[in-house]
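Same order as they appear, the protein sequences are chains A and B. With the first letter of the first sequence counted as 1, position 291 gets the number 291 in the numbering used here; the numbers rise by one all the way through. Basically the numbering used here = 1-based index in the second sequence + 305.
Note that these hints are calculated values from the structure, not bench results. Be a bit skeptical, because a hint or two may be false.
Said to hold, decoys possible - Between beta-carbon pairs, the in silico distance windows are:
1) A:A214 with B:E356: 51 to 59 angstroms
2) B:K422 with A:A64: 25 to 33 angstroms
3) A:D298 with B:E356: 39 to 47 angstroms
4) A:K176 with B:K357: 53 to 61 angstroms
5) B:K307 with A:T149: 25 to 33 angstroms
6) A:M147 with B:K436: 47 to 55 angstroms
7) B:E356 with A:E32: 36 to 44 angstroms
8) B:K409 with A:R172: 22 to 30 angstroms
9) A:P8 with B:K422: 39 to 47 angstroms
10) B:K394 with A:M147: 27 to 35 angstroms
No residue lacks a Cβ here, since even glycine has one placed at the ideal position from N, Cα and C.
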Amino acid sequence: MLICGSIPGLQKDKLNEWLAQMPEVSIIAEIEPVFVFGKSSVNITPEIWIKLAQEIRQRIDKFAGFVVIHGVGNVLFTSTALSFLLQNLTRPVIFTGSQFASVSEQDPRRTGIRANLINAIQVATFDLTEVCLMLGNKLLRANQSEMITEESLNIFSAPANGVLGRIDFSIRIFEKVVRRNKGKIKSFDELSSKVEIVHLEPMLDLKTLAKRVADKEGIIVNSGDYHRLPEDLIFLFEKITRDVPVVIWSKNIKAEIIGPKNILIVNNMTWPATVIKFMWVLTQSKSVKKTKELMAHDVAGEIIY
Amino acid sequence: MKIYFTADNQAEEKLQKRFSQIVDILSNAGVLVMSNLAQRNISGFSSQDLEKIERTGEVLLERVDALVIEGTRNIPESGYLVALALTHKKPILYLLENGKAFNKNLLYLGKDQSTAKLLQLESYSDADLEKIILDFLQLVEKGEERQVPSIKFTLRITPRIERYLRWKTHNTKISKADYLRGMVEGMIDNDEGYKKFISDNR
Chain A
1 MLICGSIPGL QKDKLNEWLA QMPEVSIIAE IEPVFVFGKS SVNITPEIWI KLAQEIRQRI
61 DKFAGFVVIH GVGNVLFTST ALSFLLQNLT RPVIFTGSQF ASVSEQDPRR TGIRANLINA
121 IQVATFDLTE VCLMLGNKLL RANQSEMITE ESLNIFSAPA NGVLGRIDFS IRIFEKVVRR
181 NKGKIKSFDE LSSKVEIVHL EPMLDLKTLA KRVADKEGII VNSGDYHRLP EDLIFLFEKI
241 TRDVPVVIWS KNIKAEIIGP KNILIVNNMT WPATVIKFMW VLTQSKSVKK TKELMAHDVA
301 GEIIY
Chain B
306 MKIYFTADNQ AEEKLQKRFS QIVDILSNAG VLVMSNLAQR NISGFSSQDL EKIERTGEVL
366 LERVDALVIE GTRNIPESGY LVALALTHKK PILYLLENGK AFNKNLLYLG KDQSTAKLLQ
426 LESYSDADLE KIILDFLQLV EKGEERQVPS IKFTLRITPR IERYLRWKTH NTKISKADYL
486 RGMVEGMIDN DEGYKKFISD NR
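Using the sequences plus the hints, can you model the full thing?
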């Protein structure tokens, strides 16, 4: 069980005392707690993703599964990153946390992280080989998940093929959609930090952007609700950054209306999956052609069909 | 009262008969039993309830009053169910045939201050199985958690009843719902037929 972010009442040197407050956990599995990051998880950076992946990698043959406790605000990024840093997993890596910022006596359920943790630990004992999220009553493939705003303990959702299990009385795994990996785990210690992330909006200053992207290995554009790209932006990608791969994440823009060959439209992945996959792909190849090939290839179950 | 009963559904015939006997004892005591032994183990919930539970992210164990496990043949998920039931503060009756040993983690939970009051570990024989179950039901019914009105249902009333309830509770500190609950509690206390039904099943 890896702790990646602060938990009320938990101190680094008192992990075992904290666990002792939940004696029921011991009946499901033997737990070894590992402290990875102690500040609030909003402070997590790609360096912590890599550290977390390394902590799991060095224990992969010693444990049946891994549970990561993480704040829910940015858990999609960390869990998605793990799915690219630890490819062809041989064990389940289950992220969980609390849907509530704090658990008060006024909360009639007062279960906080506890119920999620018990579900996550049970899932971590299963024969699964994916990075998942376990909150509420659903087990989701992390790199296909999105946060939802409904008033529910299920604060994340995924398309049907990304829902790997559900709890009624016990936990039912949907065997038809789980990925079965063969062979050895492939672990990576690097993600490109030279990616320019651009959010498309009318205030975007293209002159400043042109300067910023000069030393970048890749550019990724979140095009929001735009149906077309601004002409000046296409010009920038075509003339000034023509050797740099550009990913446009869009639900509305069609690939055939984009001219420059260094541009790739992505509309079959979540935003965190697109960004982090691009960061990983750029560590594998700098060529535009190879980058486009790898981005189109399903690496860790991230592509939504 | 709703109870979830779980046991090894691959167990030998002799044990399967025992499981049926447990379900019968519970059902005869007026309990709605859901079980992994039945094909549709969620039959105690309406489709609207199930839809709501699915939507809100709850688990079904939150909506039952207690958990009964027959663990003579090991059930892989029994530890998980015990842990989840304890988290949701549901009483648990864990049954083993006489002569079988309880798992050391269960014994630890049975002694731990925070969990012991909810977890009852019992070895049984044919002679005392029924008594153990009925005593447990009594404990569930009287238990601290059962005193909290947590079961919801829709009651449609006429304007006449509404007017009466408003008049009855006006300028008092009790709500209309509290008044109705009090009335039903009084009826239970005075219902000789129901008292006989309870004692016959004890």
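Now for the hints, and whether the structure bears them out:
1. A:A214 with B:E356: 51 to 59 angstroms: Between A:A214 and B:E356, where Cβ atoms are some 55 angstroms apart, the hint holds.
2. B:K422 with A:A64: 25 to 33 angstroms: holds (31 angstroms)
3. A:D298 with B:E356: 39 to 47 angstroms: violated (33 angstroms)
4. A:K176 with B:K357: 53 to 61 angstroms: The hinted range 53 to 61 angstroms is violated for A:K176 and B:K357, with Cβ atoms some 26 angstroms apart.
5. B:K307 with A:T149: 25 to 33 angstroms: holds (32 angstroms)
6. A:M147 with B:K436: 47 to 55 angstroms: holds (51 angstroms)
7. B:E356 with A:E32: 36 to 44 angstroms: holds (40 angstroms)
8. B:K409 with A:R172: 22 to 30 angstroms: Holds, since B:K409 and A:R172 (Cβ atoms, about 29 angstroms apart) stay within the stated range.
9. A:P8 with B:K422: 39 to 47 angstroms: About 25 angstroms separates the Cβ atoms of A:P8 and B:K422, which means 39 to 47 angstroms is violated.
10. B:K394 with A:M147: 27 to 35 angstroms: The hinted range 27 to 35 angstroms holds for B:K394 and A:M147, with Cβ atoms some 29 angstroms apart.
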